[in-house]
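**Student:** Got chain A; can you put chain B on it based on the hints?
Number of protein chains: 2
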Amino acid sequence: MELTLEGDVVRAGYEARERFYDSRGYGKVRNGDIDLAPVEAAHLLYRGDIESIDGMDFRGFLGSAAVSEVDFAVYKDLRDRGFYLTPAREGWVDDAAGADFVVYPRGKGPWDNEVAYRVRIIGERDTAVATDLGGCVLAVVDEESEVTYLDTDRREVSGTSDAAVPATAGELLGERVVCWEPPAELYEQAFYGQQLGDDGAVQLSLVEAAYLTQEGMLTVEGGADAVVERGREVEGDRFDRRLAVYTALRASGVAPKTGFKFGADFRTYADVESAENLGHSELLVRVLPADHRFEPRDLALDVRLAHGVRKTMVFALTTDGGDEIEWVAVERLTP
Amino acid sequence: MELTLEGDVVRAGYEARERFYDSRGYGKVRNGDIDLAPVEAAHLLYRGDIESIDGMDFRGFLGSAAVSEVDFAVYKDLRDRGFYLTPAREGWVDDAAGADFVVYPRGKGPWDNEVAYRVRIIGERDTAVATDLGGCVLAVVDEESEVTYLDTDRREVSGTSDAAVPATAGELLGERVVCWEPPAELYEQAFYGQQLGDDGAVQLSLVEAAYLTQEGMLTVEGGADAVVERGREVEGDRFDRRLAVYTALRASGVAPKTGFKFGADFRTYADVESAENLGHSELLVRVLPADHRFEPRDLALDVRLAHGVRKTMVFALTTDGGDEIEWVAVERLTP
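Sequence lines, in order, name chains A and B. Going left to right, the first sequence walks through residues 1 to 335 as this note's numbering numbers them. Going left to right, the second sequence walks through residues 1 to 335 as this note's numbering numbers them.
Among the hints, erroneous ones may be present.
Said to hold, decoys possible - Stretch-level coverage of chain A by chain B, calculated; a stretch enters the list once three of its residues show a Cβ under 8 Å from a Cβ in chain B:
1) 64-75
2) 174-187
3) 305-311
Think of the hints as simulated: they come from the structure by calculation, not from any bench. Beta carbons: idealized from backbone N, C-alpha and C, even for Gly.
Only chain A is shown next, with the shape it has when bound in the complex:
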């Protein structure tokens, strides 16, 4: 069988079309023949279905500039898992932008009209722009060529945690605000702060105190400005981003608490009835500026941890100091 590399396409004839496209979903039909992407041709070489391309065997072809080892690792892994898939080139698939492979549901192929995953490939040492995530599966190829799949999804956050709290007074002490005589609702129903001891005093974090002060539920000497100023002293710009995300979460009926023990900004409770009867927190939230670039290793760490504690990792991407927030959930996927 004669196959030739022309630019970024491997041309093959009618016989190849029958063997590789019609029965196994390789390539793109063109005038009755097929075109193969180099990564597809490399896989056929690897399997021994074809012997050479322009005189190159598998070893020669993989070592050439025509095919990326990283793309090949993912292509092979998905084929090994029983999927048919097509390189996301213009004209080869609908909506090619933002993906490297379009993967069909098991048992389906390019001749069906269904897509299981839109896969984007990155190497462990590349970075991923935060706002590019959502609506695709990241296939991260690590230094040992193993593939980790991370499903990324835009989502909204919502809940029913919206207990009303009578206003109270607080005192700014270092990096916290203490309410010496708060209404019981503050902690017990609405789950703000922590009890200092048994006498009812509640200590609030700076972000909780800034929110409550801005909402008119707390008075502090110097007002909300004094709390926000203290927050910026100890956290810089990050404080404003965290406050914006905290405010958005509370506005959505979700109660955020510190995510420190999980290395995150917040863990969240969607349906708080009382502090005594909290239930499981559903999300871990990390606050990031929208122009953040993820190191895949950091993503893997966050997502693995969240999975281990039965929570979903959500990145809150803030623009313009928090005026706009986009929520991107990332979860491990085993295709």
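**Tutor:** For chain B alone, kept in the frame of chain A given last:
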């Protein structure tokens, strides 16, 4: 009972000594009376054991400059857990340096000669110098004033993974090296690399390949220099640090593999018999320059993840490009 604040000490008389030191381990005896550290005096105020110091009640004293809210949070937490403890001041305890509190075993006190933990306190927003860790318990106070304890320990790494491997040849392809016809021992006994498919070819990571080339077990065009150069191209200085740690681990009889899925540099196997029969990997290793400053949140993330997958988090601190390596294990502790 009359108590007065003098500088950083609260002076109290013989009666206080009987009530607070002799029976409950507060303070330091001085000429038959006792001195209390402000954090101890704050705790006595909080409990209602004393009413005021220089006219200040608990609220006034905690709000004064005399006592840190962070220190108080840890002191109270340890007392709540049933421990007696002493502020680590010169002259108050042996070997005060590097600790904030010396905590006695449950049921013991300052009059015994035993120490359970040497505790160092940091706030969530402080940083911890990597080389200061080891031999102490970090008590991290998060923004909600909850305390997380991290036990830090200098340690050595050792194992019995030392299978011999006949030399072979490899080809540098992008960010990996492929051995097309390796000896079976390479992967199967010594657990280097990953099998590319069923035909025996093994792909090595750059760090594995650099090590094997330097040890004379692998030949690559351009030698070890070519591999190291490629590593530096894609990872910068970090490649040299990782190679130094990889080399030290292998020299200690431990087989390192990528820790990518856990967000770490390596996971390690102390007793590899064969790739087929690996057992559980014991350590997660993160490689850092010795002058690294930890954000407590990053530490919490690493340690929590390691705990969840039943591994120990170890930081490999490298000096002078890897000539010296110190190993610090960090584990969660519930005192």
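**Student:** State for each hint whether it applies.
**Tutor:** Each hint tested on the structure:
1. With 3 residues bearing a CB less than 8 Å from a CB of chain B, the segment 64-75 of chain A meets the requirement of three and the coverage assertion stands.
2. Given a C-beta distance limit of less than 8 Å, the hint that chain B covers the segment 174-187 of chain A holds, as 5 residues qualify and 3 suffice.
3. Counting residues of the segment 305-311 of chain A whose beta carbon lies closer than 8 Å to any beta carbon of chain B gives 3, which meets the minimum of three for the stated coverage.
Of the numbered hints listed earlier, not one is contradicted by the structure.
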